[in-house]
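J.: Modelling step: build the complete structure from the supplied sequences, incorporating the hints.
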Amino acid sequence: MPARAQGHFIMTTRDPTIPPPRRLKPWNAVERGLARVGISGRMLVLLAPVLWLLVFFLIPLAVVFGISLANKQFGRPPYTPLLTTDEGTVQLTLHLNNYIRLFTDNLYVAAYLSSIRIAAIATVITLLVGYPMAYAIARSSDRWRNILLMLVILPFFTSFLLRVYALTGFMRGNGVINQFIGLFGFEPLVMMQTDFAVYVGIVYTYLPFMILPLYTTLVKLDVSLFEASADLGARPIHTFLFITLPLSLPGVIAGSMLVFIPAIGEFVIPSLLGGPETLMIGRVLWDEFFTNTNWPRAAAVACAMLVVVVVPIMLLQKAQGAVVEK
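Following the UniProt record's numbering from start to finish, the sequence shown increments by one per residue and tops out at 326.
For the record, the hints were derived by calculation from the structure and aren't laboratory data. Note that CB positions come from ideal geometry on N, CA and C, so glycine has one too. Take these hints with a grain of salt, some might be off.
Claimed, not checked - Beta-carbon label-pair distances, calculated as ranges: (1) Val190 <-> Thr216: 37 to 43 Å; (2) Asn292 <-> Phe65: 15 to 21 Å; (3) Ala166 <-> Asn146: 22 to 28 Å.
To be verified - With a straight-line Cα cutoff of 20 Å, these simulated EDC-like cross-link-like pairs (lysine to aspartate or glutamate) come out: (4) Lys72 <-> Glu227; (5) Lys72 <-> Asp105; (6) Lys220 <-> Asp142.
T.: So, in structure tokens, the structure goes:
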């Protein structure tokens, strides 16, 4: 368009063949900014869980480990700090007495050994109970499979504490079990305040954690393998030992880890169902922290328990990796 008189604006038209400038979206701007510093979108996705573990696991764990190296007055007034500044110098006071006490005091050694024993036995019992149930669910029809899975998951809709406390109504002196056997003239059984009650509580509580990994593994097995085994004249027990069990070992290992790891540090079940002779490291940790107010000793117990738990995890993961490779 020709220009008008002097002093007026010059108006021009935009060429329709030239596309308008693209507005940069906020997310694209973030991507370009991250690309400039060498961070890709994939790296950002992987970085998010790493930051989560760093903030909510590694840093609190480092704090607990630092507390375990303090003296007893750290958890009592006037709360002696680890770091002190005197005359412009920073002093860090660390003590190894708490860890030395763990290996020299028979109480802690017995608590660790008892926790490992109870957790291992309860894991084996849970496996023996959960394997047939998982196998039955995996081999049932689709309609019954959904119903049975719902029954397995149903206990999670109630409180963990209520489920454990409800067992006392069955196993106490005048509970349901003793009233039932009393109808036949039998003497009441002493079940509460014993290791037996603790085993029952752990198996009852953690049974779904064993069934679900086993079911996930068993439901994926090829049925033609069992048919071929039967056609070749193999007995059902041989089919189970040489086909079903080896192929289901990943589920066995995963379920065992999900039961053994929380059971070794269990506190609620031995407190409600166990007696004074049922010594587990969870109760010792509670007593050190709340009764004795010895925070450094309790932190040392927790750190040592973490090491005790990590070793079986590494062994089970190594065994699981060997099974998968085969």
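J.: Against this structure, judge whether each hint is valid.
T.: Against the structure, the hints come out as follows:
1. Taking 37 to 43 Å as the suggested C-beta distance range, the pair Val190 and Thr216 conforms, at roughly 39 Å.
2. Range check, Asn292 to Phe65: Cβ separation about 20 Å, and the 15 to 21 Å hint holds.
3. Distance hint check: the CB atoms of Ala166 and Asn146 are about 26 Å apart, consistent with the given range 22 to 28 Å.
4. Restraint check for Lys72 and Glu227: the C-alpha separation of about 66 Å exceeds 20 Å, so the hint is violated.
5. Taking the CA atoms of Lys72 and Asp105, the gap is near 17 Å; set against the 20 Å cutoff, the hint holds.
6. Pair hint Lys220 plus Asp142 holds up; C-alpha atoms about 14 Å apart against a cutoff of 20 Å.
Hint violations for this structure: number 4 only, all remaining hints satisfied.
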